[in-house]
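There are 2 protein chains.
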Amino acid sequence: MARNTVSQVVPSPAEDAAALLKAFQGWGTDEQAVIAILAHRDAAQRKQIMLKYEEMYNESLMHRLQSELSGDFERAMCHWILDPVERQAVMANAATKCILEEYPVIIEIACTNSPAELIAVKKAYHVLYNCSLEEDVAAHTIGKLRSLLLALVSTYRYDGNDVNMGLARSEANIINEAVRNGTTDHEELIRIVGTRSKAQLNATFSCFKDEHRSSFTKALPRGTDPNGYLRALRTTVRCIADPNKYFGKVLKKAMCESGTDEDSLTRVVVMHAEKDMKDISGAFQKRSSVTLEQAIATETSGDYRSFLMALLGS
Amino acid sequence: MARNTVSQVVPSPAEDAAALLKAFQGWGTDEQAVIAILAHRDAAQRKQIMLKYEEMYNESLMHRLQSELSGDFERAMCHWILDPVERQAVMANAATKCILEEYPVIIEIACTNSPAELIAVKKAYHVLYNCSLEEDVAAHTIGKLRSLLLALVSTYRYDGNDVNMGLARSEANIINEAVRNGTTDHEELIRIVGTRSKAQLNATFSCFKDEHRSSFTKALPRGTDPNGYLRALRTTVRCIADPNKYFGKVLKKAMCESGTDEDSLTRVVVMHAEKDMKDISGAFQKRSSVTLEQAIATETSGDYRSFLMALLGS
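If you read the sequences in order, they're chains A and B. Start counting the first sequence at 2; every next residue gets the next number (the working numbering). Start counting the second sequence at 2; every next residue gets the next number (the working numbering).
Please keep in mind that the hints were generated in silico from the structure rather than gathered at the bench. Do not rely on the hints blindly, as some may be mistaken.
Any copy will do: because identical chains look the same in the list, a pair fits if it lies in one copy or spans two.
[As the list claims (entries may be wrong)] Subject to a maximum C-alpha distance of 25 angstroms in a straight line, what follows is the list of computed DSS-like cross-link-like pairs (lysine-lysine): (1) 48 x 279; (2) 98 x 199; (3) 253 x 219; (4) 253 x 53; (5) 250 x 210.
These numbers come from a predicted model, not from an experiment.
Required output: the full structure, derived from the provided sequences and hints.
Structure follows, in structure tokens:
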């Protein structure tokens, strides 16, 4: 975890800014020096470095990194140096623009943050884009996919652990009805998934499994899903039920297919390096013959690999 | 405005608590003394008095007021002494329990607070009721009324003033389509009203009026509305377009019908006395032959009247 890789004693922001400039100058960039500095500073330190760099050299560190670095490494670094809340707003905005492919980003942000964290992301979204995340999600979707995603990004869930088991049983039955009817009437299902607390939803999912001998996600109809609604619903349930397992699966899928899905790999590592990467890494290993570090080392190369490994603390 | 009626120099919370106890003791309560103290303290001072009273006399001031006072005066005072944010959470919760009649309370809270104020109310709701406002609104409604109210309480609108006139024109047309089709397909309409910023919505409502020679609320179909959706939609548009005019109308209606609607009268005066009562009072007078104070003086009596007049600064 990057949190553990932050040096106990770090240079001042001015010294770091000067070292970065030195790494940029001359013939070719010293990427390893950039990684050695930025991968080992926490969010507050990175912010100070960005401010100091701009103050000292009258140019944006972000723009300089964009011109000095390239490819997956550049994209990963440019996301990494952002403030974590702002980074999520930027990622959500990019996802709204190709939402049929990128809906998982929206769902991850809506469902794996705490309610207070989600509000902070939405506040940052207002500042960056002069509109709401709700507006952009709604404007780029239709039908049930819109109903689901809009409910997820809008809701301010109760965050407590108390659970009403009677309610869980009755809402497990409502979900079962909806699942049996295919996708004709999912209004109640979306209402439940979109408003109940995570603790309550997990109780409901358990009741569903107990009574219907199948998990909710497995009971969902397979087959045609042109709108992406059913896939989005599965992603939602997984994010709420067990975020570590979900992100472990995303990583496994990103490194399993022919050709690595660097965007997904970068997203999970950069967004979680300072937060819950250790748990995700554990969940990954449960379903893998190799550790996350080994998998990333095999599937990636060059500065991009060095950077991800540094973020993982390897 | 009560804000103006707070004395420049107030007694200490301990002195106020002692004076309140004195007003409660003996044969009958001295209601005028209670009003003289509590109507002339701001929210922070009232909170201090409540804490001090409980500390000094080992009983809740709220419970004591409930046992000492009665009727509309008691209800008004017990709402008044609450923290303004908590008070809205309490009022919203009560409204969810008879939502077909009380939906205006939900809409007022969702649409006349700033986005940040609405979040504060929803946070207080979590603390008081161990669930979300979204859950309770959704659980007590169905159909389009649910879609509308749930969108309104959930959304975290952009709060800026910038307006996209092209978008306003195109969404005014979408609204026109929906209005022409009766109530068959209002999904897009609810999406617009539920996600756009208030500034953007007001531009859209203006475009609607310019192009269709009728305000949006007047263009809405009249007639059967068993679910209350159309009434709720009208209330929503009025709250967003001109909250002062809306509350002025609520007050006028509360004092116009045979028999006064004390609940609505209390709600508007208590919720707005410390905030924007002067503007509401101005809006009331535009449509009335008498001032708000004169109307309230005529329509109410006793301690209830004295209390409301004190809150209005008369």
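Checked hints:
1. 48 x 279: Within. Shortest intra-copy distance 24 angstroms satisfies the 25 angstroms Cα cut-off; inter-copy 45 angstroms does not.
2. 98 x 199: This pair counts as between: shortest inter-copy Cα distance 24 angstroms, intra-copy 28 angstroms.
3. 253 x 219: Classified as within: same-chain Cα gap 19 angstroms, cross-chain 56 angstroms, threshold 25 angstroms.
4. 253 x 53: Neither. Shortest intra-copy (38 angstroms) and inter-copy (59 angstroms) distances fail the 25 angstroms Cα cut-off.
5. 250 x 210: Within one copy only: 21 angstroms inside, 52 angstroms across.
Hint 4 from the earlier list is the only one contradicted by this structure; the remaining hints agree with it.
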